[in-house]
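Take these sequences, add in the hints, and give me the full structure.
There are 2 protein chains.
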Amino acid sequence: MAKAMVYLQSGGPTAVINSSLYGAIREAQKHEEISGIYGSLNGVEGLIQDDLIDLGEEEDETIELLKQTPGAILGTARYKMPSDLTDLRYEAICQTITNHNIGYVFVNGGNDSMDTCAKLAKLFAQQKIDCKVMGVPKTVDNDLAITDHCNGYGSAAKYVINITKDICVDAKCYKKGKVFIIEIMGRNAGWLTAAVDLLPYQMRPDLIYLPEDAFEMDAFLKDLKSIYDLKGHVIIAISEGIVFERDTSSTRIDAFGHIQLGGAADALATIVEKKLGLPTRSVELSLPQRADPVFISKTDQDEAIACGAFAVTSALKGETAKMVIIKRLSTKPYKTELALAPVEQVANAEKKVPTSMIAGKTHMDQSFRDYLLPLIQGEVYPKFKDGIYMTANLKKVKAR
Amino acid sequence: MAKAMVYLQSGGPTAVINSSLYGAIREAQKHEEISGIYGSLNGVEGLIQDDLIDLGEEEDETIELLKQTPGAILGTARYKMPSDLTDLRYEAICQTITNHNIGYVFVNGGNDSMDTCAKLAKLFAQQKIDCKVMGVPKTVDNDLAITDHCNGYGSAAKYVINITKDICVDAKCYKKGKVFIIEIMGRNAGWLTAAVDLLPYQMRPDLIYLPEDAFEMDAFLKDLKSIYDLKGHVIIAISEGIVFERDTSSTRIDAFGHIQLGGAADALATIVEKKLGLPTRSVELSLPQRADPVFISKTDQDEAIACGAFAVTSALKGETAKMVIIKRLSTKPYKTELALAPVEQVANAEKKVPTSMIAGKTHMDQSFRDYLLPLIQGEVYPKFKDGIYMTANLKKVKAR
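Sequences listed follow chains W and E, in order. Note that our numbering numbers the first sequence so that position 187 is 174, with each residue one more than the last. Note that our numbering numbers the second sequence so that position 351 is 338, with each residue one more than the last.
Heads up, some of the hints might be wrong.
Unchecked claim - Partner residues are not named here, just some residues of chain W that face chain E (Cβ under 8 Å, in silico):
{"id": "1", "residue": "Ile150"}
{"id": "2", "residue": "Ala158"}
{"id": "3", "residue": "Cys160"}
{"id": "4", "residue": "Tyr161"}
{"id": "5", "residue": "Ser273"}
{"id": "6", "residue": "Val281"}
{"id": "7", "residue": "Gly374"}
Rather than coming from a laboratory, the hints here were simulated on the basis of the structure. These figures come from a predicted structure and were not determined experimentally. Glycine included, every Cβ here is placed at the ideal spot set by N, Cα and C.
What follows is the structure, encoded as structure tokens:
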């Protein structure tokens, strides 16, 4: 008997998060065993509140535009599901699943989302509900275990590299310039920050700091000063997650009296100005690094589409509680294949940049360059209308 | 007798600053009256120090790449020339001009650069040196008088609009989100900030603040709170130049004890968090808004090339102490023609956004939209190599 599928987006968006959705929809449309293609609004919240939309009602042009639409088109959530499967919310989810005759749940997300996948699979097994649960990898942080890399990382890396080039080229056209500290996403893993290493010499940051490496303030200030004296400007790339003692007199305190997270570049700039007296600006690359569609990597987009599709075909084969992973077969030429890994193995792990890939404060090891280079290849220019890139606009017809 | 020309870039770069240089070079190559095409390194400093390069020595491919190269390829400077024409630096400039048999000086810049143009023209007249001086307009701030708009503004506006769309689309996919304060360039003129008004409703900032309008803190906090309560997130676009009383306990003090300029969004975020207790992030669009080549407007690029070329043909006709201006003949359809204005008239004026174009805190008047829309039209995708956009790399052969 044909059953419906429901697709969830979870955690922080990526530039290709909706490309995976596109891949899943296009694959599902080929299979008569799938009686309906639904989207859950705001991740697992949509399942709890029976807030599902019927993606079969959307125009073909809207589905095509998903590939260049940033943000999570279905809405996202950071929602930690409880371990106790008797929690009322799980009862609500089971209601939604049976009400809509759903046989396939797809969760597109990172570690936490894979934890949700694991819990849902356990719940359905326990409640004897015949519903498969599949994970689709997604995170610009690239910190998911087992998979060679994550959908979204290549495009974010490409954005970071190219926008950092903008900053370097602009800043370096002054004889006597400033210190620029660029803050890049990645709280515990420096994959995105490391990406700037692919820029050619003279058009790249002079210093690179990842959270995997201890940050030593004295050495940092000394290195910065030498470079400034030599070149008249310094560009520094840091992960948002590097740890140092902040100057609390200038640290932002939030409404609850906590020191605000993020703003590492700003905090560091304050210290540089105070200790070295050099004109310093902080630049936080912020949301566009995980959103902008103009720097989407074709490789990343193709893989995101393929992972969405592979999740569907795998679920139809009876797989459950698995996440799609990308296996790299070779780097030169770049060859991969898709496979599956148990979601539980992904949920409780975090993949950091290995020490072997870090060569020092100024550059990465060649093994890192070889790893990243294929992931940023190929341009996919979005369609524009009146000077602004177009995005999909869902009708959001409620699922019956 | 044929004479050489020298080209200067001055002030802050734009995404199309090197397109104007391209236009001037390509035009000059057509005229036998021009015996050499030189570039002055770091603006007027190159003239003073006889630091000129021979652009005729560059490869054709390099010249083509100028159109997608951010930053000022010749190097730039913020250098205020003295009013006293007996200053030794003017003597040095006269030496450089006669040494290299230069008959044409082109200065690509904003108000200050036009002031330099005026002084050089006066100097050459006084010293009876037959050398024409022409200005080419350039500034993302769009604050030059007389010309309808400035080369560089359209591309910067296009960047600001599209990157702000990224932020809006990403931020709004959370049910309960944050307050985002986006800081956009323009110290005294809000042309760039106003540009976000071209975004469609639901994908645009909720509030827009220009320096032309008085900023009232109480009304701002009240409006922000109402929107947050209603929507669960607020996106605010501010000009870097808006004036408000900063919370000095959290303001960055520079090495000389001065309160650091810029960082308006950050200062405002601190106040919002303290007064309203809402999670707030500041996003300074920073250098990429005047540099990134991926959002270059074809209209802006074509005009920048045409202005560079028009400066050359005008100088050959004997014009001096004039700046190229763009005259808008009609908006629908968009039609312009190039003309000339005395540099002195441009040097001492600043064009702000007229009150008639500002409709309130949430949007601009239709007249502003009609004004800006044609300036962001047309995409020019840069050439990429290995996932990174290509840039021109000058050989910099010293001019003989």
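Hint-by-hint comparison with the structure:
The interface hint given for Ile150 (chain W) holds, since its Cβ lies 5 Å from the closest Cβ of chain E, which is under the 8 Å cut-off. For Ala158 (chain W), the interface hint holds, since its Cβ comes within 8 Å of a Cβ in chain E; the closest pair sits about 7 Å apart. For Cys160 (chain W), the shortest C-beta to C-beta distance to chain E is roughly 4 Å, which falls under 8 Å, so the interface hint holds. At its closest, the beta carbon of Tyr161 (chain W) sits 6 Å from a beta carbon of chain E; the interface hint therefore holds under the 8 Å criterion.
Given hint, Ser273 (chain W) at the interface with chain E, holds; its Cβ is 4 Å from that chain's nearest Cβ, closer than 8 Å. Because the beta carbon of Val281 (chain W) sits about 5 Å from the nearest beta carbon in chain E, less than 8 Å, this interface hint is met. The beta carbon of Gly374 (chain W) comes within 3 Å of a beta carbon in chain E, closer than 8 Å, and the hint placing it at the interface holds.
Violated hints for the displayed structure: none, as all numbered hints are satisfied.
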